[in-house]
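**Student:** From just these sequences and the hints, can you work out the full model?
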Amino acid sequence: MKKLSKKTLNKSFLSWFYGNLTCFSQEHMQTFGYLCSMLPVVDELYDTQEEKKDAMQTYTAFFNTEPQIGTLVVGMTAGLEEAKANGEALDGETINGIRAGLMGPLAGIGDSLIVGTLIPILLGIGLGLSGNGSPLGAIFYIVTWNLLMFFGMKFAYFKGYEMGGKAVELLVGEQAQALRDSIIMIGTMVIGAVAASWINVTTSFAIPGVIELQSTLDSVYPKLLSAGTVIFCWWLMTKRKISPTMVMLLLVVIAFVGVLLGFFDPGLSY
Amino acid sequence: MQINMIQAILLGLCACLSSMPGLGGTTFGNYTLGRPLVAGMVVGLILGDMQTGIILGAAIQVIYIALVTPGGTVSADVRAISYIGIPLSVCAIKGMGLDPSSSAARDMAAALGAAVGTLGTVLFYGTATVNLLWQHIGWKAVEKGDFKKLYLVNMGFPWISHFLCSFLPTVIITMAGSSMVDLMKAYLPMDGVAMKTLFTVGSLLPAVGVAILLKQVINKSLDFLTFFFGFTLAACMGVNLIGAAAIGGFFAVTNYKIQMLKLRPAVAGAAAYDDEEEDI
Numbered sequence: 001m002k003k004l005s006k007k008t009l010n011k012s013f014l015s016w017f018y019g020n021l022t023c024f025s026q027e028h029m030q031t032f033g034y035l036c037s038m039l040p041v042v043d044e045l046y047d048t049q050e051e052k053k054d055a056m057q058t059y060t061a062f063f064n065t066e067p068q069i070g071t072l073v074v075g076m077t078a079g080l081e082e083a084k085a086n087g088e089a090l091d092g093e094t095i096n097g098i099r100a101g102l103m104g105p106l107a108g109i110g111d112s113l114i115v116g117t118l119i120p121i122l123l124g125i126g127l128g129l130s131g132n133g134s135p136l137g138a139i140f141y142i143v144t145w146n147l148l149m150f151f152g153m154k155f156a157y158f159k160g161y162e163m164g165g166k167a168v169e170l171l172v173g174e175q176a177q178a179l180r181d182s183i184i185m186i187g188t189m190v191i192g193a194v195a196a197s198w199i200n201v202t203t204s205f206a207i208p209g210v211i212e213l214q215s216t217l218d219s220v221y222p223k224l225l226s227a228g229t230v231i232f233c234w235w236l237m238t239k240r241k242i243s244p245t246m247v248m249l250l251l252v253v254i255a256f257v258g259v260l261l262g263f264f265d266p267g268l269s270y
Numbered sequence: 001m002q003i004n005m006i007q008a009i010l011l012g013l014c015a016c017l018s019s020m021p022g023l024g025g026t027t028f029g030n031y032t033l034g035r036p037l038v039a040g041m042v043v044g045l046i047l048g049d050m051q052t053g054i055i056l057g058a059a060i061q062v063i064y065i066a067l068v069t070p071g072g073t074v075s076a077d078v079r080a081i082s083y084i085g086i087p088l089s090v091c092a093i094k095g096m097g098l099d100p101s102s103s104a105a106r107d108m109a110a111a112l113g114a115a116v117g118t119l120g121t122v123l124f125y126g127t128a129t130v131n132l133l134w135q136h137i138g139w140k141a142v143e144k145g146d147f148k149k150l151y152l153v154n155m156g157f158p159w160i161s162h163f164l165c166s167f168l169p170t171v172i173i174t175m176a177g178s179s180m181v182d183l184m185k186a187y188l189p190m191d192g193v194a195m196k197t198l199f200t201v202g203s204l205l206p207a208v209g210v211a212i213l214l215k216q217v218i219n220k221s222l223d224f225l226t227f228f229f230g231f232t233l234a235a236c237m238g239v240n241l242i243g244a245a246a247i248g249g250f251f252a253v254t255n256y257k258i259q260m261l262k263l264r265p266a267v268a269g270a271a272a273y274d275d276e277e278e279d280i
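As given, the protein sequences belong to chains F and W, one line each in that order.
Just so we're aligned, residue 1 is where the first sequence starts under my numbering, counting upward by one.
Just so we're aligned, residue 1 is where the second sequence starts under my numbering, counting upward by one.
Quick caveat, the hints were computed from the structure, so don't treat them as lab data.
Bear in mind the structure is a predicted one, so any value in this text is a computation, not a measurement.
Just to be clear, a hint being listed does not mean it is correct.
[Claimed, not checked] Simulated crosslink set (BS3-like; lysine-lysine; CA at most 25 Å straight-line):
1. Lys52/F - Lys149/W
2. Lys11/F - Lys144/W
3. Lys6/F - Lys148/W
4. Lys7/F - Lys220/W
5. Lys53/F - Lys7/F
6. Lys53/F - Lys149/W
7. Lys11/F - Lys257/W
8. Lys53/F - Lys144/W
9. Lys262/W - Lys3/F
10. Lys2/F - Lys53/F
11. Lys154/F - Lys7/F
12. Lys257/W - Lys220/W
**Tutor:** What follows is the structure, given as C-alpha cells:
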C-alpha cells in the first residue's frame, strides 16, 4: 500500500502555491504549474521511469482555473494519483475528466468570491487606513491577505487530498451557497462605501444667480453624480456589453465634451 | 524630479515579480506586490517619498479594485499600472507642484495610471508569447522523461521573458518619463482643454473600477440596494470603510442565519459558520 508522505504533499503544495502561473502562455495557462506540483507526487508513487512518464502524461492536458481556489483540485489529484498507484480502477483519462469538470465551476466561484469579494473588502479597509498616506493600510492588506491565502490554500490542498470528490461539496453545497451569498453581501456594501469615499465627480455648471447645479444636487443626495457615473458604467458594461477599456475611452470623450461645454472644470493652474 | 538608474532598476525588478504571470507567484506577486495600494508604498520607498506614493497608489487602486482576469484576458496590466504608472505620477505631481493629498493630484494619478495600464497590456501578451518558447522546451523534456527540467521551465526561464517584457520597459520608461513632465508643463497649460480633460477623466475613472466589480457581484437589480446601503452609509452618514465593513459583517451574519434556518430549521447557525469560514 503506497502512501504519500507529508513532506511530498507539502512540496507539491508549495510548488503550486508559488508556481501556478509563473510560466503562463495563452495556449497552456496553468499546465506547467500543475506539472511541477505533480512531479514530487508522481516521483514518490512510482518506481520505474516508464510508469512516471505515463503518469505525468495525464497532467500535460490544458489546465486553467482561479489558481487559489483551484488548489483544491491539485490536492484532489494527488489523492487520486495515490489511489491509482494502489491499483484502484482509475486511469489518467478519468482523472483528467474530473479535473476538466472542476475548472469552470471553481473559476466562477474563485473569481466572484476571492478576486471579486475578498480582495475588494481587504483593499477597501486598506484604502480607509491609507487614504492620508499612512503605510498602515498597505501593511494591513499585505499581512491579512497573505496569511489568509497561504493557510486557506494549504487547507484546501489537504482537504482535497483527504476527501477527494467530497471536498467539492464544501464549496458548492447549499450551506456553502448561503455563506457565499452572505460574504458577497459584505463585499457589495464595502464597495458601496468605497465608491462614496473615493469617487468624486463634480460639476461646475452654473447660471449665475439662477442655479448652481452642484449644490442643488448635493441637497438631493450627496455624491449623486458619482453614483450616477458608476451606474452608467455598469449599464454600459452589462447591458451594452462594452469592454472596460472602451468604457474608459468613452469617458475620455465625455470628459472632453463636458469640459468644452463648461460642465466639468477642475479649476487648476500652475 | 528625476528617477536615477538604481531606482529604475529596483522598479524594474518589482515589475518582474508583480505582473499577472509574475515571478513573485500569484498570491504574493500579482495579488500583493501588484496591487497599486501596496505598490504605492514600495514605489514611495524606492523614490524616497513614501507618503506621496501611498496616496497616489490608493487613488489608482480604486480603479483596479476588482481587476479580474477571467480566462487570461486582461484589460489592464498591473506591472505597468503599479511600477510605471505610479512612479510617473509621483514625478508629474512633484513637477507640477501639486499637493499630493489634493483631489487634483489623485485625479492626475488616476488618469496617468489608467493610460499606462491600458497600454501595458502589450507587456502581458508579450510575456505570455515569449513563455511559449520555454513551454516548447518543457514538452520535449516531458517526452524524454527529463522531469527535473520542468522546474527550470516553470520557474527559471520565465525570468528571461520578464527581463524583456517587464524589466527593460520599466527601466526605460520610468527614466525617460520623469523628464517629460517639464515638457508637459511647458506646452500644456493647466487651464487649457487638454489638462482640464485629463483631470476630469481622472475623476471619472474610479467609477469604471467600481462598475467592473458590480458586474461581478450584482445578479438581480435588488442587489443594488445593498450597494446603495453601503454608499449611503459613507456619503450621507460619514461612516468610514472599516465601519462599513463591520456593519456589512453584521448584516451578512444575519443573512446567513436566516438562510440556514430556511435550509435546516434545527441547525445552529453560529457553529456552522465557524466551521465553514476557513474555506474562503
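**Student:** Next step is simple, just say for each hint if it's right about the structure.
**Tutor:** Tested hints:
A hinted pair counts as satisfied when its Cα atoms are at most 25 Å apart, and Lys52/F with Lys149/W qualifies at roughly 15 Å. Restraint check: the Cα-Cα separation between Lys11/F and Lys144/W comes to about 23 Å, which is no more than 25 Å; the hinted pair holds. Between Lys6/F and Lys148/W, the direct Cα distance comes to roughly 21 Å. Compliance with the 25 Å bound is thereby established for this hinted pair. For the given pair, Lys7/F sits about 47 Å from Lys220/W by alpha-carbon distance, which is inconsistent with the 25 Å threshold.
The hinted pair formed by Lys53/F and Lys7/F meets the criterion: a straight-line CA distance of about 22 Å does not exceed 25 Å. Pair hint Lys53/F plus Lys149/W holds up; C-alpha atoms about 14 Å apart against a cutoff of 25 Å. For the given pair, Lys11/F sits about 39 Å from Lys257/W by alpha-carbon distance, which is inconsistent with the 25 Å threshold. A C-alpha spacing of about 8 Å is found between Lys53/F and Lys144/W, which places the hinted pair at or below 25 Å, so the restraint holds.
A distance of roughly 42 Å separates the Cα atoms of Lys262/W and Lys3/F; the hinted pair therefore is violated under the 25 Å criterion. Only pairs whose Cα atoms come within 25 Å are accepted, and Lys2/F paired with Lys53/F is accepted, the gap being roughly 18 Å. For the proposed pair Lys154/F and Lys7/F, the alpha carbon gap of about 13 Å is at most 25 Å, so the pair holds. Simply put, Lys257/W and Lys220/W have alpha-carbon atoms about 21 Å apart, close enough for the 25 Å limit, and the pair holds.
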